[in-house]
Amino acid sequence: MTVTTSAARVTAPAAWPAPRPPNRMRAWVTRAPLLPALIFMIVVTQLPFVATLVISFYDWNALYPDDRRFAGFANYSEVLSTPELRRSVGTTVVLTATVVLVSLVLGLVLALLLDRRFRGRAAVRTMLIAPFLLVPIAAALLWKHVLYNPEYGLLNGILRWIGGDTAVQPDWISEMPLMAVAASLIWQWTPFMTLILLAGLQSRDPELVEAARMDGANEWQVFVHITLPHLRRYLELSVLLGSIYIVQNFDAVYTITSGGLGTANLPYTVYQTFYQAHENGLASAAGVIVVIGSLILATFALRVVSSLFRAEVSRR
Amino acid sequence: MTTITTAARRRTGSRGRFRGAALGVAAWLAGILFVLPILWMVLTSFHSEVDAATNPPSLTASLTLDGYRAFFGLDGGASPWPALLNSVTASVVSTLLTLLLALPAAYALSVRPVRKWTDVLFFFLSTKMLPMVAGLLPVYLFAKNTGLLDNIWALVVLYTAMNLPIAVWMLQSFLSEVPAAVIEAAQIDGARLPTILWRVVTPLALPGIAATSLICFIFSWNELLFARVLTGVVAETAPVFLTGFITSQGLFLAKVCAASLMISLPVLAAGFAAQDKLVQGLSLGAVK
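So the protein sequences, as listed, match chains G and L.
Position one of the first sequence corresponds to residue 1 (UniProt numbering), numbered consecutively onward.
Position one of the second sequence corresponds to residue 1 (UniProt numbering), numbered consecutively onward.
Rather than coming from a laboratory, the hints here were simulated on the basis of the structure.
Small disclaimer: the values here were computed from a predicted structure and weren't measured.
Beta carbons: idealized from backbone N, C-alpha and C, even for Gly.
Keep in mind that a hint or two might mislead.
Over 12 Å on every C-beta distance to chain G, these chain L residues come out as not near it, computed from the model [what the hints assert, rightly or not]:
id	residue
1	65
2	139
3	188
Have a look at the derived ranges for each label pair, beta carbon to beta carbon [claimed, not checked]:
id	chain 1	residue 1	chain 2	residue 2	range
4	G	93	L	96	37 to 45 Å
5	G	150	L	207	44 to 52 Å
6	G	224	L	181	43 to 51 Å
7	G	261	L	199	56 to 64 Å
8	G	109	L	15	17 to 25 Å
9	G	26	L	189	16 to 24 Å
10	L	82	G	47	28 to 36 Å
11	L	207	G	101	30 to 38 Å
12	L	60	G	229	34 to 42 Å
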């Protein structure tokens with residue numbers, strides 16, 4: 001269950017020619033330091049996936065262990081035909097796409113703002129990173145209780161400040177549950193996008209930008225013809241890594257809505273199916289579906305990482 | 001980091017300077033907007049429960065430490081110390097284990113690279129891209145059958161695996177900056193690998209190792225899903241402790257703010273210390 005792209009093959013940096021081992025002994029001496037980590041990874045991360053795959057073909061409720069039997073693809077067809085489970089697939093896609101795209105656009109704007117000299121730039125950068133450094137469940141609690149609460153939350157408090165006693169006081173979580181979850185995630189993940197894109201902006205060749213300016217290009221032309229093409233790989237990377245992290249999100253859904261009101265995404269559903277419904281087979285099938293989705297994302301992500309990595313290695 | 005040459009500046013003139021100032025103000029506003037919920041949480045944590053629950057909110061209410069007293073269990077509630085201690089154990093021990101495994105691996109992928117070293121590097125990366133939740137059930141069943149449920153060491157092992165790819169990637173890039181001549185000199189002196197790693201590589205790559213540790217620490221400290229499923233009363237970690245606040249009971253806003261802040265404090269400290277490395281860890285070494 002490992003993704004290896006052909007693009008991943010990169011030649012060793014010139015400073016470190018791969019030593020030609022005179023015999024097998026030497027090759028193993030070179031490999032030895034790698035083995036503990038490699039074996040540990042395979043045992044702890046790959047074996048459980050194999051087990052999940054096997055379990056996903058069994059009809060197995062943990063409360064009736066004696067009734068366990070081989071069920072073929074029955075769990076998969078059940079996951080894809082049960083409305084709640086199928087909805088969780090859709091919810092995952094909508095939640096991930098919303099959070100990633102909005103944070104990407106906000107992140108790009110913020111990165112462009114930060115990519116210029118102004119008084120207090122370091123302070124602003126620090127302020128922007130702060131949401132990302134809150135423990136995820138603490139951030140989710142902050143949004144749920146401190147901001148969204150209809151009676152004493154800050155959002156409704158601000159509405160009342162502005163609008164007086166007749167101000168609208170929406171119950172944010174029950175009126176727009178998925179957006180409520182998405183907003184908290186956007187708040188936490190925009191800093192991540194900003195940081196990646198800022199790193200991209202700062203790796204731009206300043207001479208190229210200056211040359212374009214000398215030739216009379218205006219800010220917009222520089223942005224469209226130089227900055228954006230240069231940022232492409234960084235944008236791709238932000239989208240893919242953001243997707244990989246947010247597809248897996250559990251904390252926000254678990255805390256803000258407890259999966260209710262149509263906000264249960266796949267990770268939450270997997271958790272609930274086995275932890276509360278004890279349906280091991282079904283949970284595993286849902287888990288395998290998450291893996292398949294992630295594999296598709298991961299294949300592209302690895303390609304982008306390897307192209308950035310190759311540029312990095314050749315620069316060394 | 002837009003380089004504005006004197007020639008360009010002359011051309012843009014005062015209009016450009018005004019625009020620059022306006023964009024600076026916009027950046028400040030954005031920064032304040034993002035940090036505002038946290039500042040509000042800090043203020044609320046110092047309010048009494050009654051003042052915390054007013055609408056419209058009160059900016060001038062008197063400050064008190066009651067929320068923090070309640071968090072630390074001084075008013076008869078549950079003490080957070082066992083959970084905090086479990087989190088420290090899980091994060092610190094798993095970070096040390098990760099370094100112990102990752103440092104030799106990174107050496108074999110940069111200083112003395114094995115053949116096809118990039119393939120191995122990408123294998124590590126690919127494991128990080130698969131959702132942890134998919135392995136949750138087998139891990140749970142294994143822990144249950146081996147008596148490791150509600151045992152902090154199960155989390156130590158899992159967090160080590162969770163962070164190992166990040167650590168290998170980060171350390172690989174730091175170690176490849178160690179000059180070859182230094183290691184060759186040590187080898188000529190007859191030093192063996194553990195000695196080279198400990199006496200030569202570690203001191204030279206210390207800033208990188210520190211950054212890697214901070215990132216691993218943050219991720220272990222934050223983790224909720226596995227901790228929620230695998231621990232109960234004895235081994236609960238700080239994030240699991242916070243799940244107690246998910247459903248609201250009476251007035252508890254100041255307490256939830258104080259608790260969230262106290263439990264985030266180590267991450268905030270580590271994150272600000274490793275600000276530049278944070279994104280490197282999250283982008284799995286792709287962005288420096």
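*asked:* I want to verify a distance hint. Is the separation of the beta carbons of residue 93(G) and residue 96(L) within 37 to 45 Å?
replied: Holds - the Cβ-Cβ distance for residue 93(G) and residue 96(L), about 39 Å, lies within 37 to 45 Å.
*Using the beta carbons of residue 26(G) and residue 189(L), state whether their distance is inside 16 to 24 Å or not.*
20 Å, holds
_Closest CB of chain G to the CB of residue 139(L) still more than 12 Å away_ = 5 Å, violated
*Per the hint of 44 to 52 Å, is the separation of the Cβ atoms of residue 150(G) and residue 207(L) within bounds?*
48 Å Cβ-Cβ, so the 44 to 52 Å window holds.
*Does residue 65(L) sit more than 12 Å from chain G, CB to CB?*
Label holds. Min Cβ-Cβ 18 Å, cutoff 12 Å.
*Go ahead and decide if the range 30 to 38 Å is satisfied by the Cβ distance of residue 207(L) to residue 101(G).*
36 Å, holds
_C-beta pair residue 261(G), residue 199(L): status relative to the range 56 to 64 Å that was hinted_ = At 58 Å between Cβs, range holds.
*Falls inside 43 to 51 Å, the C-beta gap from residue 224(G) to residue 181(L)?*
46 Å, holds
*Measuring from beta carbon to beta carbon, are residue 60(L) and residue 229(G) in 34 to 42 Å?*
52 Å, violated
_Taking 28 to 36 Å as the stated bounds, is the beta-carbon spacing between residue 82(L) and residue 47(G) within them?_
31 Å, holds
*Beta-carbon spacing of residue 109(G) to residue 15(L) - inside the hinted bounds 17 to 25 Å or not*: 22 Å, holds
*12 Å Cβ clearance of residue 188(L) from chain G*: 15 Å, holds
Hints 2, 12 from the earlier list are contradicted by this structure; the remaining hints agree with it.
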